[in-house]
Structures are given as C-alpha cells and as structure tokens.
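Participant: Given the coordinates of chain A, work out where chain B should sit on it, guided by the hints.
Now for the letters of each chain:
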Amino acid sequence: MPIKVENLIHIYNENSPYETIALDHINVEIQDGDFVGIIGHTGSGKSTFIQHLNGLLKPKSGKIYIDDTDITDKKIKAAEIRRKVGLVFQYPEYQLFEETVYKDVAFGPKNLGLEDIEVERRVKDAIQMVGLDYEDIKDKSPFDLSGGQKRRAAIAGVIAMKPQVLILDEPTAGLDPKGHKEILQIIKNMHVKEKNTILLVSHNMGDIAELADKIIVMEKGKIVLTGTPQEVYEKADYIEKIGLGLPPAMMLMRTLKQRGKEVKTNIMTIDEAEEQIINLIRSR
Amino acid sequence: MLRDITLGQYYPGESFIHKLDPRIKILATFIYIIALFLVDTFIQYGWVLIFLGIIIAVSKVPLRFMLKGLKPLLIIIVLTFSINIFMTPGEVLYALGPLKITKEGVYQAFFMGSRLILLIIGSSVLTLTTKPINLTDGIEKLLNPFKKIGVPAHELAMMMTIALRFIPTLLEETDKIMKAQMARGADFESGNLFKRAKSLIPLLVPLFISAFRRAEELAMAMEARCYRGGENRTRMHEIAFQSKDIVAFIIVFLFLAIVLITNNL
Chain A
1 MPIKVENLIH IYNENSPYET IALDHINVEI QDGDFVGIIG HTGSGKSTFI QHLNGLLKPK
61 SGKIYIDDTD ITDKKIKAAE IRRKVGLVFQ YPEYQLFEET VYKDVAFGPK NLGLEDIEVE
121 RRVKDAIQMV GLDYEDIKDK SPFDLSGGQK RRAAIAGVIA MKPQVLILDE PTAGLDPKGH
181 KEILQIIKNM HVKEKNTILL VSHNMGDIAE LADKIIVMEK GKIVLTGTPQ EVYEKADYIE
241 KIGLGLPPAM MLMRTLKQRG KEVKTNIMTI DEAEEQIINL IRSR
Chain B
285 MLRDITLGQY YPGESFIHKL DPRIKILATF IYIIALFLVD TFIQYGWVLI FLGIIIAVSK
345 VPLRFMLKGL KPLLIIIVLT FSINIFMTPG EVLYALGPLK ITKEGVYQAF FMGSRLILLI
405 IGSSVLTLTT KPINLTDGIE KLLNPFKKIG VPAHELAMMM TIALRFIPTL LEETDKIMKA
465 QMARGADFES GNLFKRAKSL IPLLVPLFIS AFRRAEELAM AMEARCYRGG ENRTRMHEIA
525 FQSKDIVAFI IVFLFLAIVL ITNNL
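The listed protein sequences correspond, in order, to chains A and B.
Going by our numbering, the first residue of the first sequence is number 1, and it counts up by one from there.
Going by our numbering, the first residue of the second sequence is number 285, and it counts up by one from there.
Worth flagging that the hints you see were computed from the coordinates, not collected in a lab.
As the structure is a prediction and not an experimental result, all values here were calculated from the model.
Treat the hints with caution; some may be incorrect.
[What the hints assert, rightly or not] Calculated pairs, BS3-like style, for lysine-lysine (alpha carbon to alpha carbon, straight line, at most 27 Å): (1) A:Lys60 / A:Lys103; (2) A:Lys77 / B:Lys460; (3) A:Lys162 / B:Lys482; (4) A:Lys77 / B:Lys479; (5) A:Lys222 / B:Lys482.
Isolated chain A (complex conformation) (with noise of 0.2 Å):
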C-alpha cells in the first residue's frame, strides 16, 4: 500500500499572531513494506506530518495518497483511513482507560466492529507480539503495571488493529536502556512477521540506523533529505551542521579516520563497525 505525498502545507494558528508554518511543501513517496525512519528535531514537523497521514489534521493543501485513495478529500471517512494506517503517539501509556488490559487492548479492533471472536484472537496476538504474557496480564488493570509494561500494552493496542501501515512517534522516550531494545526488538520481529509498512519517528540516530531502509530528515517543516542510510549519511557534514548527530558506529568509524586509519566511514550499525575493526586490527 504505497502512501504518496504530494505539496503538503500546513499552519498552526493562522491568521494570528502565534501563526507557524509547521509543514512546507512536503513531498514524499513510501513503498510497501517500507522501514521508514523520520528524524529532525523538536519542532520540526515530525508528529504534524504523521499526523496527516491518519487524517487527524486536515492540511492546508496537498494531497495525501493511500492505495491511490486521496485521503485529504473531506469525503473520505475517518473510519477507513484509520483501519488502514495504525498511529502509536508519544508516551502511548497515558491513553490506557480500561479496567483491564485486556479491554484496552480490544477497544481498537472493537471500533473496527469486529466479531467478537476475532477480537480476542487480535487481542491475544498483540500481547503476545509485544512480550507481555497473555493469561498472567489480561485480567490486570493497565494502571497497576510497571512503566515499560503499560508503554507495550498501548502498543500493543494500536498494533491490534492490524493496521497495514504503522506509525510511531518516539515510542522509547523516556525509557531504560533495556525498555529501549526492548521496544525496538517488538517492532523489528513485527516488521518481518507482518510485513507491514513501518514509519518510525526518532531523534535517536543509532536506532534508526539500525532498522530503517529509507530515511527522512525534517527540518522546519521542510525534508531536507531522504533516501537509503546510505546516501543520506554520505551527506554526514550536513547532518551535522544542522545539529542532528550521527549514528554513533558512524561517528567511531569518522573519528578513526581522522586519526588516520583506514575504515571505511559510511558505517551504519554497530555489526558492520565490529567488522571495520576486526579488519582494522587484522591488516596491522
């Protein structure tokens, strides 16, 4: 299911004083079973742009293709663009309402007026999917379990729904170390089993490094870069001067360079450093 932006704008508070173009000119095009990561810093339109991509903010113009389908036509319903691409917000644990967990989990694919049987399953599924264990927490109540447990019961609330583009704003803020892998590993293991489009929102540059195959750097409301990590960490020095900082494997790799050893520097992920320096240290 490809999504095609086209010419996106959108503008806070216009016509007043407090007036900010937080999208200018968007466009992009995301194929399916894309891993996309979108970086930039805070404000830069990041979580005003996926938010289009549901249809929870109108845009001042453009147009937004799912599936061929424009959603920015005011007679789409919201229902079907929501059945199609899943959203998982900042700090997700703060939209837990039910009295179980269970209930949280189902209230999605219960909107989508599924049967009954077929809820559970999803239900069951998605817990499954993000490492919690079914039996021992369905009954429990979403508000008695640990920081880490409740961000992956929201999650696990939105993935129930089977969305087949998923889209997560920063969904490790503000967790350990080991919350962090954790809730990259779920959405890494998901990709391949689902096959589903994924749209990743980050300013961790190792992260995205490491899962994304398409990259788009934002900022001011503008994508400045897009592509493979590949090419759009050959624009390092770009990167860098607008003050989003490099995939840390990337930056050892430049900081050996400097000191004048041979590595290649166009590395992204912490495996392909290993390799560098296990060659590094073989060829002396």
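Facilitator: Quick look at chain B alone, frame taken from chain A:
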C-alpha cells in the same frame, strides 16, 4: 477545535491598554460592568458602544478575537433573548399557540441581548490585553487590604495563577488524548447524547489521571523549592501606578459620569 476559546486568552501587543496597570484594568472593567447595568435606554448603549469601540481600537486587538469570545456563550445569549421575547407580558404582536411575542418583549429581548454581548466583549478586553500572570498579581494587590479580615489574598491569587497556567496544558493534553483515541477508532462526534457521553470515557479517564499526576508533581516541586505562601515574598516586577494609569482612570470615570447623567432615573 479546542483552541477556539478566547476567554482568558492573551493577545500579545504593546498598546496603551496593554501597558496599563492590571489593577486599573480590573477596576475599570468593574466600573464598565456597573455602568452597563445602569444603562436604561438604547441611546446610552450608543455611548457604551462608542466607548468600547475606542478602547478596542486603541488596544489594536483585531475585532475578530473579541467576537470569538461570544461563540461559546452563544447559547446563553440566544436563551436570554428568547426567554425575554416570549415571557414579557404586554401588547401582543404575534401569537403562536401559547407563545406570544409582545412589543415589550421584543424591546426587552434586544435590550438584554445587547447588554449581554457588550458585557462579554467588554470583559474579554481585560483578558485579551492582560497577561494572566499580571491579572492575578493585580487581583492579589487589590485584595491585599482585605487580608486583615482574613481574606487569603495570596493563596487565592496563587490558585488562580495555577488554574490559568494549566488551562492550555490541559487543553493540549485533551487534544492529544482525543487524537490518540481517535487513532484507535474512537468516535467523539456521532451518535445520540447517551452514546456521546459514553464515548467520552476513553478521554476523561486518562485526562483525570494526568491532571492528578500533574497536581501532585507541581505540589512536590513547589515544596522542594520551599514554597510557604506569600509572606515576605518579593517580586522581580513590582507593579506600580504611572501617569497613564491615572489618565485611564479619569477616562473611565468620565464614561461612568456620562452614563449616569444621561440616565432616566
């Protein structure tokens, strides 16, 4: 959708009205309201309208923003208007079953309607041109003399400051939770009254939880910084009367005088 509330919203500016002492603005608003209730002819409304018009022009706040404040109160205005038009006894102009429109009723309805609209616009001038912080500072200073008879002036002002401070935060939070639930297929806009009320649960539960959490965090942060009420507190920006405040006060009294002189009483 939730951002349309003007009441209590500040419109930044550098005008004469913006720069007035908040105490003067609060008192002037009181005098304006009193004058408005003394008015008993439409001609006097003309005076009020001219006065208000000048103030709005001087404040440089677009009229659009003033009128926005009327929107949430539209129901009350319509209700007042219709009760007056149908419930006032007198010379019948038009009858529709038990409902009678009287000549006096039409007069009364327009009279009360105008009063209400002028009242709302007049008071939004205060909130649109005064920063909430200055507003509560002004209230605190005005209430200071009553401290002796046990009015907790500082505490009241602090409570108001906190409440005002959290309005935008809670609105933002509401917006965010609403969107998050909408992304999960929640529908806040259709269905009958009962269904709609029920659909608010996924919004209200998280909102209450977060409000309590915020309150607790704020209380702890205040205690951590040794907050213990207003005693001996000094301020970075002391508010003080200036010559323009006196000018403003005289103008407001002139306005009150005009209303009183032209009054029928």
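Participant: Now look at each hint and say whether the structure bears it out.
Facilitator: Hint-by-hint comparison with the structure:
1. Of the supplied pair hints, the one linking Lys60 of chain A and Lys103 of chain A is violated, its CA atoms being roughly 37 Å apart against a limit of 27 Å.
2. Proposed proximity of Lys77 of chain A and Lys460 of chain B is supported: the alpha carbons are some 21 Å apart, at most 27 Å.
3. In summary, the hint linking Lys162 of chain A to Lys482 of chain B is supported, as the alpha carbons are separated by about 25 Å, within the 27 Å threshold.
4. Pair hint Lys77 of chain A plus Lys479 of chain B holds up; C-alpha atoms about 19 Å apart against a cutoff of 27 Å.
5. For the hint pairing Lys222 of chain A with Lys482 of chain B, the CA-to-CA distance comes to about 40 Å; that exceeds 27 Å, so the pair is violated.
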